[in-house]
Amino acid sequence: MFAAITKNGQRVILEPFLIGSLSLPPPYYCPVCREEVILKKGTRRRWHFAHRSFSNCASEPESEDHLNGKAALYHWLTSQGLTPFLEVFLPSIQRQADILFTFQNRTYAIEYQCAAISVEDVVQRSQDYLSQQIAPLWIYSSSRLRPAGSSTYSIHSFEWSGLREAAFAQRPALVYFAPRDRRFYFLFPNAVLSPIVAFADLYTLPLSSLKVSQLTELPLTKEGKQIWRRQWLRQKKKWRYQRNHWQTRQDSRYARQIFAAHCSDIPYFPWEAGWPVGGMYYLNTEPHLWQSLFLLKLQSSFPLYRQFSTQAAGDIFSPVVTRHLSTKSFPLIKDPLEKAIRSYLYLLEKMGIVYRTDTGWKRVTDIQMPASLDEGYSMDKKWHQRIFY
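Everything in the sequence shown is counted per this note's numbering, starting at 11 for the first residue and increasing by one.
Please note that a few of the clues may not be correct.
The following label-pair restraints were derived from C-beta to C-beta distances [unchecked claim]:
| id | residue 1 | residue 2 | range |
| --- | --- | --- | --- |
| 1 | Ser-328 | Leu-230 | 30 to 40 Å |
| 2 | Lys-372 | Arg-253 | 12 to 22 Å |
| 3 | Arg-263 | Tyr-365 | 32 to 42 Å |
| 4 | Leu-212 | Leu-243 | 19 to 29 Å |
| 5 | Gln-137 | Val-374 | 39 to 49 Å |
| 6 | Thr-332 | Glu-130 | 15 to 25 Å |
| 7 | Ser-218 | Gln-267 | 55 to 65 Å |
For lysine-lysine, the following BS3-like pairs were computed, each having C-alpha atoms within a straight-line distance of at most 27 Å [claimed, not checked]:
| id | residue 1 | residue 2 |
| --- | --- | --- |
| 8 | Lys-392 | Lys-235 |
| 9 | Lys-392 | Lys-372 |
| 10 | Lys-248 | Lys-221 |
| 11 | Lys-232 | Lys-360 |
| 12 | Lys-221 | Lys-235 |
| 13 | Lys-391 | Lys-247 |
| 14 | Lys-247 | Lys-307 |
| 15 | Lys-338 | Lys-247 |
| 16 | Lys-235 | Lys-17 |
| 17 | Lys-247 | Lys-344 |
| 18 | Lys-307 | Lys-232 |
| 19 | Lys-232 | Lys-344 |
| 20 | Lys-360 | Lys-372 |
| 21 | Lys-248 | Lys-360 |
| 22 | Lys-307 | Lys-391 |
| 23 | Lys-307 | Lys-392 |
| 24 | Lys-391 | Lys-344 |
| 25 | Lys-235 | Lys-247 |
| 26 | Lys-247 | Lys-221 |
| 27 | Lys-307 | Lys-235 |
| 28 | Lys-338 | Lys-349 |
| 29 | Lys-248 | Lys-391 |
| 30 | Lys-349 | Lys-360 |
Quick caveat, the hints were computed from the structure, so don't treat them as lab data.
Every residue gets a Cβ at the ideal spot worked out from N, C-alpha and C, and that includes glycine.
Could you put the whole structure together from the sequences, leaning on the hints where they help?
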């Protein structure tokens with residue numbers, strides 16, 4: 011860490027003065043736990059303060075990547091005409107922000123995260139900042155970017171919890187930073203294959219050309235080439251023909267009960283289900299399952315040609331999600347389930363299942379389970395062509 015305090019509570023900052031004598035003599039103490047810390051003045055690593063090996067402080071040990079990242083971001087914000095503050099401890103929430111700065115009358119806390127932490131930690135930190143009217147900006151080390159194939163990335167659960175949206179950006183994004191290359195990476199998820207694997211667009215900007223507004227509000231981008239769309243049909247085929255992988259999960263057991271009430275089973279899910287839609291990243295449950303459950307709930311709750319609102323659709327499906335399905339935690343995304351439902355209703359309109367009115371929706375056809383796997387996959391191919399091409 012770059013910040014410490016003296017015995018008298020005076021604040022000592024190493025950044026940007028990384029080399030040379032300090033004006034305040036030791037001993038130095040951690041602002042968070044008040045334990046004495048050591049000033050490390052190595053020739054290979056940046057000067058920094060460190061806890062002793064037997065420390066009980068809750069703060070994480072810092073890697074070289076973490077130190078370099080904080081330093082680079084601090085200097086960049088300074089070059090943008092702002093006055094950032096390193097390692098600010100906020101007693102009211104017992105949190106220490108890596109960097110705190112104000113931009114356009116709003117205060118932001120940068121959390122530059124290199125090591126893996128728990129989802130609960132990300133959520134709690136975010137909520138603590140928000141309780142103080144501070145907007146958290148989760149920035150992950152670029153070393154955490156893990157390509158898993160063409161336009162496919164593996165995203166850990168705690169990283170997902172840093173997903174954020176902006177007023178003028180139509181898609182949410184995860185943000186990564188490479189201190190060595192001085193480059194930002196913005197990962198925009200397109201479709202989710204599993205709780206940790208997603209098709210996504212990756213955009214990169216050098217630190218020298220990035221504006222502060224592009225960090226706080228996300229850069230405006232166009233969707234990349236949707237090469238992954240061709241792979242989606244293969245995924246639907248796996249969901250239909252590969253059995254047994256779903257039989258032990260809680261959400262699958264519940265889905266099987268609902269399917270059984272319709273004299274069917276999971277592999278015979280409706281062809282109208284299992285498609286990529288906006289907001290689907292909220293649900294860990296695979297899309298062919300949650301969309302099937304949504305369709306069947308919609309059918310049992312709203313008769314043909316009876317008008318209903320997006321809110322009403324959410325009200326009947328939300329208890330299913332809460333009790334039986336698996337979801338992610340998104341402290342920085344407003345109403346993620348509503349986004350998923352609304353986006354799926356738009357797709358169902360395109361498929362002729364619902365009709366949009368001035369004040370809501372009407373269901374105009376019933377959902378039918380395919381009589382065979384081959385019939386289901388044949389309809390999958392038909393709708394894949396219509397939806398994507």
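So, going through the hints one by one against the coordinates:
no. : hint                          : in the structure
1   : Ser-328 x Leu-230: 30 to 40 Å : holds (32 Å)
2   : Lys-372 x Arg-253: 12 to 22 Å : violated (36 Å)
3   : Arg-263 x Tyr-365: 32 to 42 Å : holds (34 Å)
4   : Leu-212 x Leu-243: 19 to 29 Å : holds (23 Å)
5   : Gln-137 x Val-374: 39 to 49 Å : holds (42 Å)
6   : Thr-332 x Glu-130: 15 to 25 Å : holds (18 Å)
7   : Ser-218 x Gln-267: 55 to 65 Å : holds (57 Å)
8   : Lys-392 x Lys-235             : holds (22 Å)
9   : Lys-392 x Lys-372             : holds (24 Å)
10  : Lys-248 x Lys-221             : violated (43 Å)
11  : Lys-232 x Lys-360             : holds (22 Å)
12  : Lys-221 x Lys-235             : holds (25 Å)
13  : Lys-391 x Lys-247             : holds (9 Å)
14  : Lys-247 x Lys-307             : holds (24 Å)
15  : Lys-338 x Lys-247             : holds (25 Å)
16  : Lys-235 x Lys-17              : violated (58 Å)
17  : Lys-247 x Lys-344             : violated (33 Å)
18  : Lys-307 x Lys-232             : violated (35 Å)
19  : Lys-232 x Lys-344             : holds (22 Å)
20  : Lys-360 x Lys-372             : holds (13 Å)
21  : Lys-248 x Lys-360             : holds (24 Å)
22  : Lys-307 x Lys-391             : holds (25 Å)
23  : Lys-307 x Lys-392             : holds (25 Å)
24  : Lys-391 x Lys-344             : violated (34 Å)
25  : Lys-235 x Lys-247             : holds (23 Å)
26  : Lys-247 x Lys-221             : violated (44 Å)
27  : Lys-307 x Lys-235             : violated (35 Å)
28  : Lys-338 x Lys-349             : holds (14 Å)
29  : Lys-248 x Lys-391             : holds (13 Å)
30  : Lys-349 x Lys-360             : holds (17 Å)
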